[in-house]
Amino acid sequence: MAETGEIKPGNGWPAKDIVYLAIVGPLMLAAAFEWILWLAAFLYCLIKVYLKADHWTVKTLAAVMIVLFTLFRLAFLPVMVVTLPLPPHITKYFPPRMATVFQWFAFWSFSLLLVGPWLFCIYGLVTNHVGRKRRIKEALDERNAPKTVVVMPVYKEDPEVLIKAVDSVVESDYPSSCIHVFLSWDGGAVDETYLRVLRHLGIPISLKSYPQSIDVVYKGARITISCFKHGGKRNCQKQTFKLIDKVYAEYLKRHDDIFVLFIDSDCILDQYCLQNFMYDMELKPGSKHNMLAMTGIITSTTEKNSLLTILQDIEYIHGQLFERSVESGCGAVTCLPGALTMLRFSAFRKMAKYYFADKAEQCDDLFDYGKCHLGEDRWLTHLFMIGAKKPYQIQMCTGAFCKTEAVRTFKCLLKQRRRWFLGFITNEVCMLTDVRLWARYPMLCTVRFLQNTIRSTALLFFIMAIALITTSVKVEDLPVGFIGVSLGLNYLLMFYFGLQLKRFKAWLYPLMFVVNPFFNWLYMVYGIFTAGQRTWGGPRADAAAADINTTPSEAAALARAKGDELNVDVDTFRAGPVRRRSVPVRPSEKVEGRFAPAEQVLDGCYISTREPRSGPVLPQLEIPLPQVPRIHIPGQFRYSSDSLFSGSSDRDSNNISLPHDVESLMNEEDQRKLYHARRAGDSTGMSILEDRSSSDEMWSVVHEPPGAVIEAPEIKAAMAQPGLQESVSTNRVSLQSMDMHEPRGKAARASRRGARISDFSGEIV
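All residue numbers for the sequence shown refer to full-length UniProt numbering, where the first residue is 1 and numbers rise by one.
Since the hints were made in silico from the structure, they are not lab data.
Predicted model only: the values in this text are computed from it and were never measured.
Incorrect hints may have been included.
[Unchecked claim] List of simulated lysine-lysine pairs, DSS-like, C-alpha gap at most 27 Å:
# : residue 1 : residue 2
1 : K390      : K59
2 : K288      : K133
3 : K242      : K133
4 : K284      : K137
5 : K164      : K238
6 : K284      : K133
[To be verified] Beta-carbon label-pair distances, calculated as ranges:
#  : residue 1 : residue 2 : range
7  : R97       : I454      : 22 to 32 Å
8  : T301      : H89       : 45 to 55 Å
9  : T100      : G25       : 22 to 32 Å
10 : L112      : V435      : 23 to 33 Å
11 : A15       : G131      : 51 to 61 Å
12 : V126      : Y526      : 36 to 46 Å
13 : S588      : I23       : 48 to 58 Å
14 : Y392      : W507      : 26 to 36 Å
15 : K92       : L68       : 28 to 38 Å
Virtual Cβ for every residue (Gly too), placed ideally from N, Cα, C.
My request is simple: use the sequences and hints to build the entire structure.
Shown next as structure tokens:
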């Protein structure tokens, strides 16, 4: 521990101490400012929760947190002062015994706060293998692999990046017949990006109009391309969910093996990502089949490395493999990112009403906006944590990896981290003031609270490094044990992660340890002081606002499209004639216990809703009458039997039309090429069509609104080739037997399965 230096009477300040103070003085002021700012920001959010509380437990916990957080922060203030490497002319005024006590308190308290989570992480590494290795030893096929539905919202994405993302999904080591990708455009206009992707997937691009959704088989996997009205990422996911619910409504009555994966359109999945997700959620030996949600490990990628991209990569690895491992060990992860989250669909179906509820129009101020919009991933995870019946049902899969494009410019990075910071702090106080979380996840809440109390102390390590460089103090005068515990334990883990994942940039963790405190300081200061960007007298002139023609969600989406999600006039969000109830500070009691798998009842049917029914239970009505045989679907159609019937459990999904089969959009020539390509065993969909129009003709297409009925003359009601003729009706789909003259054999059967995967799409216009 540090000892006070000896000062001879009458001596002035040595030159080295003056130089040292001139260097570290601004850093000390910055550290003090950060300490005060974090205290003020956290207390402000706690006060907002207290004022907005709709339950007495929230008010009580908010008041307790205000007192405890203030006391803990104030207790660490003298500890930090005596721990700093200050010149002897200052430390001579510290009582030696008091300084020693504070230094020992700092060492043991910080050690416990660091070693405790570190041990949780070690436990997670021992019980769960980390790496991109295949965990399922037996081969998966359509008989034993759960069906995976991938939801990928698209907004102004580069076609090459998007196609690369789609390829990473369909080419993963998972049965392609059990993969269904929903590629959903957030925007109703048919633009060049949309047409280029359609052409790549083998869909005609010379039509006069396009349906809202199109089904196509690409590399053996079913892909549904949809185009919805622009309303933001959440709205796009909501419309996609309605479509999924409509397509799989009948299938879900007999099965509970559908999982939905939310990813971004620029994410590249690892080869074993899907099957490792399925291993942890469903296929692990001894599994209770009650895992509800999991996130994976997101790493960054870039074409050209820079200091910013390297720091982001190290930060991603540390933040997920360390911090989320700790949270998993404590009961649940606190953030399920939209870039990589797997959900059990039957459980998510019960929560969809609350998950997709439009909270923007209920925002009273920027606190609500930050919680529900900027930090929507954390707010929705809070929703799932309350909806789950038990702990350890929302976890992290240490074998599911994906890559996302790293932010390349500091300006974009600053805006991204500002959004993350504001979403984090507003949701953090809401979680810590929810007594239900303390009852279900006590260790998690305790760790989160204590980590928040010591936040914003990282600049102190840099000050200690400068003290050594300037020889103002000696090594024995510094809290070496404190530094060793903090840096050493973390570096051991990062060294292991780098070796295990073969991402050797993780070994540069000491660089992040030194540099990141400056970036975090900037993120916090910039985020707090720009949270309410306003001009004199009101919001900025270019701020997105809600009016009679623009909903709050559309205004928020417009601000995001302009590159600044905080440039909104929240005051206009509730300016309508009907004032709805403010967004709650905690999830409703109605969601408690809802996030659960479907219950299997009579005759193997599943009930996926808790609401009472006005009539007989639907599965009871589906029990066959005596002497009436049940219709069985052949095994080769297992993956598509979900869409044999139309219908949906969602009353609001009537405006969502079922996908059109791509073959119904083709003329006779294209159908003939498709048939011969499949006979040849081609499943890539790349050589199915030839572009019959030039680039000028591409833009002469008359675009109709999404969902319009196609009236192109080349569309035929039936297939032209023998063996592929099927009757098409607007009310039903009749299953025809396969033509006896079709080719036989394994390759031919696979080709036929691919050809018919989207034939059973219910109602075809």
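Evaluation of the provided hints:
| no. | hint | in the structure |
| --- | --- | --- |
| 1 | K390 <-> K59 | holds, 25 Å |
| 2 | K288 <-> K133 | holds, 23 Å |
| 3 | K242 <-> K133 | violated, 35 Å |
| 4 | K284 <-> K137 | holds, 11 Å |
| 5 | K164 <-> K238 | holds, 24 Å |
| 6 | K284 <-> K133 | holds, 15 Å |
| 7 | R97 <-> I454: 22 to 32 Å | holds, 24 Å |
| 8 | T301 <-> H89: 45 to 55 Å | holds, 51 Å |
| 9 | T100 <-> G25: 22 to 32 Å | holds, 26 Å |
| 10 | L112 <-> V435: 23 to 33 Å | holds, 25 Å |
| 11 | A15 <-> G131: 51 to 61 Å | holds, 54 Å |
| 12 | V126 <-> Y526: 36 to 46 Å | holds, 40 Å |
| 13 | S588 <-> I23: 48 to 58 Å | holds, 54 Å |
| 14 | Y392 <-> W507: 26 to 36 Å | holds, 32 Å |
| 15 | K92 <-> L68: 28 to 38 Å | holds, 34 Å |
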